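Student: The chain contents come next:
2 protein chains.
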Amino acid sequence: MVHNGIEYGDMQLIAETYDLFNRAMGLPSQEIHEIFTEWNRGELESFLIKITGEILVKIDEDSGRSLVDVILDEAKQKGTGKWTSQNALDLGAPIPTINAAVEARILSDYKEERVTASKILPGPKPHFKGDRKSTIQNLQDALYASKICSYAQGFVLLKLASMEYRYEMDLSEIARIWRGGCIIQARFLEGIRAAFNRSRDLPNLLLDPKLGEAVGQRHGALRQIVKLAIEHGIPTPGFSSALAYYDGYRSARLPTNLTQAQRDYFGAHTYRRIDKDGTFHTEWKDMNKGPES
Amino acid sequence: MVHNGIEYGDMQLIAETYDLFNRAMGLPSQEIHEIFTEWNRGELESFLIKITGEILVKIDEDSGRSLVDVILDEAKQKGTGKWTSQNALDLGAPIPTINAAVEARILSDYKEERVTASKILPGPKPHFKGDRKSTIQNLQDALYASKICSYAQGFVLLKLASMEYRYEMDLSEIARIWRGGCIIQARFLEGIRAAFNRSRDLPNLLLDPKLGEAVGQRHGALRQIVKLAIEHGIPTPGFSSALAYYDGYRSARLPTNLTQAQRDYFGAHTYRRIDKDGTFHTEWKDMNKGPES
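Line by line, the protein sequences give chains A and B.
With the working numbering applied, the first sequence covers 1 to 293.
With the working numbering applied, the second sequence covers 294 to 586.
You may find that some hints are simply not true.
To be verified - Pairwise CB distance ranges (calculated):
id	chain 1	residue 1	chain 2	residue 2	range
1	A	W83	B	P417	32 to 42 Å
2	B	G372	A	G220	37 to 47 Å
3	B	G560	A	E173	23 to 33 Å
To be verified - Incomplete in silico selection of chain B near chain A, CB under 10 Å:
id	residue
4	N490
5	S492
6	N550
For the record, the hints were derived by calculation from the structure and aren't laboratory data.
Here the structure is a predicted model, which means the values were calculated and not measured.
For glycine and all other residues, C-beta sits at the position ideal for the given N, C-alpha and C.
Start from the sequences and build out the full structure, keeping to the hints where you can.
Tutor: Below you can see the structure in the form of structure tokens.
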């Protein structure tokens, strides 16, 4: 199940990459095919990148157009992505990129409403005038970095599931098996196997020196790509969630102190402090101001 | 339950706003208090904005610091947000902003790992040098626009739940009741009530002329704010997901045509076409190239 959740994440990140090439940059499918074919010779080498390249070069015999261009954009799902998201919530594993992928398929199903909304709701028109070569390079780096963030999420879920259900999974071995052959088969899984070999109890792939460094070298490209998408009005929930995950995970202090204060204000849920042990409650309201304040 | 899911969304958007004021712009709590107090006199008027203002002005007697500054940033939850996310997946309602809020609380609980990661993973340091007044205005507009997107998601879930479970809910009446008094009590709910009075079967709040226009006038501010967060390394999963929802919903064509092609390639799941009825399957692989291609 988690394999399939990760697969949803991969497919969504690839779809967003394709969307940026297609809608933002205006590249025809044939050119996007060439980029994916090239990428499959490098660090992104994987079954899904390979078949994306093959799909994009396929011509529809009826229309003479690229076949992908005449396929309806309503994606279906069989439930494994959904179950991954639901299970992660039960186990307390944050998997925002996988969730974003599941949700993107759900949203795609609202085709009629989207067509209506497209005529009403304003937004920037694609107008790419940037440097093509560096943008393609940024997209490659953003895809690789986001993929690591997404797998980091998926492997935390596996780890928690293994503890909760007493599966006693060997995560290095799982990476090796997936590397052998499956839909998410990828050269990249070797790095994950190596990471768990270096540290069997690694809490998160981002804390592995090599994988962390790989994202650390590419977060700038990911930032550029999400900004590009925002400026062109292209939705990139997968890339955005991977970046928010990265920035959230590396935040020693998040703004959830305010959340805790709010919960204590309206529900007396108490809070903890940074400077001493215990739980605390505050009467937040200034009583002198009366009930209307 | 959905009320609480929406409440999670509101609280997360407020927390991100506070984080941008605090970490990106470096404003002290007293100044942020003044902004929230001011906002509570306008279109954002609500219980949660009001108490945020009150919280930010509270001084800790022990340390003499703002009390919020000494509260630990591990947010707890009682389950209602999680159930909202899980139920929405079952019913096929995309609620990415609410999910992002639930996930943000989960991530906040990984405090020790975050502290470790903060020392290892690089990112931009806060370095705000922009125009303060216009940034505060953009944040106000971004918060309002994101709030509408989040409520649009929540009300779709209510609508689907009402159909699935035969609740026969009157969504206009629900907005009225919430307006009367509860944690998400807000002036803004009047606009939602009016929207459902205009069209009882409104599929999505974004398709209401007034609410759609309200977001349409503010999406530029929301784009500015998410870009600001990205440039300062501040995670804004709530704002980002609201923007991706807006851009996804107004996309007549999403890149899920590629997703469908991939699913047909590796699983023969078939696809539909834009130009004729029926389901189709393609032998994507060029058989002349043999099994290794």
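Student: A separate judgement is required for each hint: does it hold in the structure or not?
Tutor: Checked hints:
Taking 32 to 42 Å as the suggested C-beta distance range, the pair W83(A) and P417(B) conforms, at roughly 37 Å. In this structure, G372(B) and G220(A) meet the distance hint of 37 to 47 Å, their C-beta atoms being roughly 38 Å apart. Taking 23 to 33 Å as the suggested C-beta distance range, the pair G560(B) and E173(A) conforms, at roughly 25 Å. With 10 Å as the threshold, the beta carbon of N490(B) stays out of range of chain A, its nearest partner Cβ sitting at about 19 Å, so the hint is violated.
Evaluation of the S492(B) hint against chain A yields a violated restraint, the C-beta minimum of about 13 Å exceeding 10 Å. Hint on N550(B) holds. Least Cβ distance to chain A is approximately 4 Å, under the 10 Å limit.
The structure fails hints 4, 5 (numbered hints given earlier, in ascending order).
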